[in-house]
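2 protein chains.
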Amino acid sequence: MTVSKFYPAFATDFDRLLRRLAGRKVAVIGHARPDGDCIGSQVGLARVLASAGHDVTCVNADAVPRRLEFLVPGMKFLRTDDVLADPTDYAAIFVDCADQARVGERLKVRFPRPLANLDHHISNTHFAELNLVDAGSAATCEILTGLALDRGLALDAPAAQALYTGIVTDTGQFRFASTSRRTFLLAAELMAAGANPPQVGLELYERESMAKLELLQRYLSSLRMECGGRVCIGILPAGVFEATGSSAEDTEGLVDYARSVEGVDVGVLIKERTDGSVKASLRAKDATYRLDLIAAQFNGGGHASAAGLSLTSGTEDFYARLVAALAKQITLVDAAGKAAP
Amino acid sequence: MTVSKFYPAFATDFDRLLRRLAGRKVAVIGHARPDGDCIGSQVGLARVLASAGHDVTCVNADAVPRRLEFLVPGMKFLRTDDVLADPTDYAAIFVDCADQARVGERLKVRFPRPLANLDHHISNTHFAELNLVDAGSAATCEILTGLALDRGLALDAPAAQALYTGIVTDTGQFRFASTSRRTFLLAAELMAAGANPPQVGLELYERESMAKLELLQRYLSSLRMECGGRVCIGILPAGVFEATGSSAEDTEGLVDYARSVEGVDVGVLIKERTDGSVKASLRAKDATYRLDLIAAQFNGGGHASAAGLSLTSGTEDFYARLVAALAKQITLVDAAGKAAP
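Protein chains in written order, with the numbering used here: chain U, 1 to 341; chain A, 1 to 341.
Next up, chain U with everything else stripped away, as it sits in the complex (with noise of 0.2 Å):
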């Protein structure tokens, strides 16, 4: 089969990548709190550079995930405290992060200046001498998966099982708006090159807790309806950890039900904590609710339809001035007519 390239525009900064590690220890540095794309993209990369014979190191502030430790097995991951011990000039990639600083204010400090940004988030800032980002790519995961197979660089099968966890993750599965022809056609790639989509789904859906089943019953049971039902919100208050036996990672995908259900446009998780702060988790059904607009509003991020806010004062009145904001925002929208299903 003859194929296109995936990712032309990017051929020649990737060639220029690629030459600029020649004789450097390199360094795939991903976000603090990673997700699937976040390892799968640095388990991707610095398998795909190991196996070109480079020296790779993967950094990240916070632990494998988990869920997640399937991807790495044999692998180096460096925490924080790893690097700043250690005095090598690394060729630091970052990737998966919007800004630099993602990857947590002291590994920030530790690697002022990135050589190179792969990412595919709307938001990118375009922080590092070479800068390819795609916010048509529905995964970081992708961009790395077209770009090994545009160069013609050696996938083994750990790599690709990686690159095809952080698509399956960052596309709900092949569900969210951003999976594209060229989504599944890397997908298929990556079969051919080894990822194994059963194993990949036992790992990430069949390994539940019973601590994180009983956390998604308090957090059903909390759920209520706003904005005339168009937003669904559940609260898990503080403490919930502690009495469920679960933990902050446990609560990935709980948002997805409030979300799930049926004429709701925004699904909405809350957590409160001990201290007084709050976290926030939004997911809209459609892209037009610009939910990276409203987490803005509370100093937060991410993307048109998945977005977080974290406020650690000024939360007394929080719960309203979210719903306040998108009520606000479902009238725009409405007005513009862009969410007629």
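Hints are not guaranteed to be accurate.
For identical chains, the list gives no copy identity; a pair is met inside one copy or between any two copies.
Claimed, not checked - Here are the computed lysine to any residue pairs in the SDA-like style, where the Cα-Cα straight-line distance is at most 25 Å:
(1) K328 with E105
(2) K328 with R207
(3) K5 with R182
(4) K76 with L311
(5) K285 with L21
(6) K5 with G194
(7) K285 with E249
(8) K108 with D317
(9) K285 with G253
(10) K285 with S178
(11) K5 with A193
(12) K285 with H303
(13) K5 with H126
(14) K25 with R79
(15) K5 with L149
(16) K285 with D256
Derived by calculation from the structure, the hints in this document are not laboratory data.
Assemble the complex: chain U is given as a structure, and chain A must be docked to it using the hints.
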């Protein structure tokens, strides 16, 4: 892009099939209690044949399920009584039917000599004149997509959407072991032809009722571990549908939560009824547990990793007998050493 054929082995028979349709009215018949792959196949094939100039009617013993209605706007779906009263000598094409009786006894009698049988079930009995059966395909919709593309037949957007939906539902969103590189390549082509993954996701998975979420919450709160954590069982007591405003249809997918727990091999949903009867759904992570054999001990049946049963009498000690049967089976599987992940 040039691609080799997807189903070269079927080229001759598919040509023969198309020639045999000349000048005849065509009935595309699916199985009773139709699922996504059945309706997707019926809609997809009917539209492809209609685009090629044929007069095509879809026939099904049961109504198109509510959540699949988005696939059939403006299309004729005849029911059993409609075609029993209709003397037309249809060319009958059965889709997604492992055997002729799957369409329902009365439709089987109405269409005694099927012209064609297009299916992917391994148990298919090759009951038609032309049998295009491939158990290596993830869905009947996968076969139909490949055949249409191989032959260069026009796929309009609703046909592409229907075929895509069948692939999504029969692969559990590209997760089951049946998912192949071809599955992804065909999904890519269906997107190019107008399939819309976010809309499919929305229709299939984002139109939940609050009543269903309450049913889920109650099911989760009932989960208990058996067989040393290898079996997880949840019970919906009599009266739960009335109490939550949900219906029997809303139990779909609940048992997957029990199976999804780490360490659990078999998930179970037990529905109790006020008349003392019980129904149970069994789901395994691995086909080695042969749940069809477990269900058969209670006059039920199904597949190796997905089975069900319904008991109207002798239900007093059902829970204990089911757990005993599962414990025995787990011991057998462990002894055979087949269940290692």
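*Go through the copies and call it for K5 and G194: within, between, both or neither, with a Cα cutoff of 25 Å.*
both (21 Å within a copy, 22 Å between copies)
*Are the CA atoms of K5 and H126 at most 25 Å apart within a copy, between copies, both, or neither?*
within (23 Å within a copy, 43 Å between copies)
*Using 25 Å as the alpha-carbon threshold, which applies to K25 and R79: within, between, both, or neither?*
within (16 Å within a copy, 68 Å between copies)
*Between the shortest in-copy and the shortest cross-copy C-alpha distance, which are at most 25 Å for K76 and L311: within, between, both, or neither?*
Classified as neither; 33 Å inside a copy, 55 Å across copies.
*Have a look at K328 and E105 and pick one of within, between, both or neither, based on CA distance no larger than 25 Å.*
neither (34 Å within a copy, 56 Å between copies)
*Give the relationship of K108 and D317 under a CA distance limit of 25 Å: within one copy only, between copies only, both, or neither.*
This pair counts as neither: shortest intra-copy Cα distance 33 Å, inter-copy 63 Å.
*Tell me, please, which holds for K285 and G253 at an alpha-carbon limit of 25 Å: within, between, both or neither?*
Cα proximity of K285 and G253: in one copy and across copies (14 Å, 21 Å).
*Checking K328 and R207: alpha-carbon separation at most 25 Å within a copy, between copies, both or neither?*
Only across copies: K328 and R207 sit 24 Å apart there, 40 Å inside one copy, limit 25 Å.
*Can you give me the call for K285 and S178, within, between, both or neither, at a CA distance of at most 25 Å?*
Within one copy, since 12 Å is at most 25 Å while 29 Å is not.
*Check K285 against H303 for me: Cα-Cα at most 25 Å, and say if that holds within a copy, between copies, both or neither.*
within (12 Å within a copy, 34 Å between copies)
*Quick one: K285 to L21, C-alpha cut-off 25 Å, is that within a copy, between copies, both, or neither?*
Answer is neither; intra-copy 41 Å and inter-copy 43 Å both fail.
*Intra/inter-copy verdict for K5 and A193 if alpha-carbon distance must be at most 25 Å*: Answer is both: 17 Å inside a copy and 21 Å across each meet the 25 Å cutoff.
Comparing the model with each earlier hint shows violations of hints 1, 4, 5, 8; every other hint is respected.
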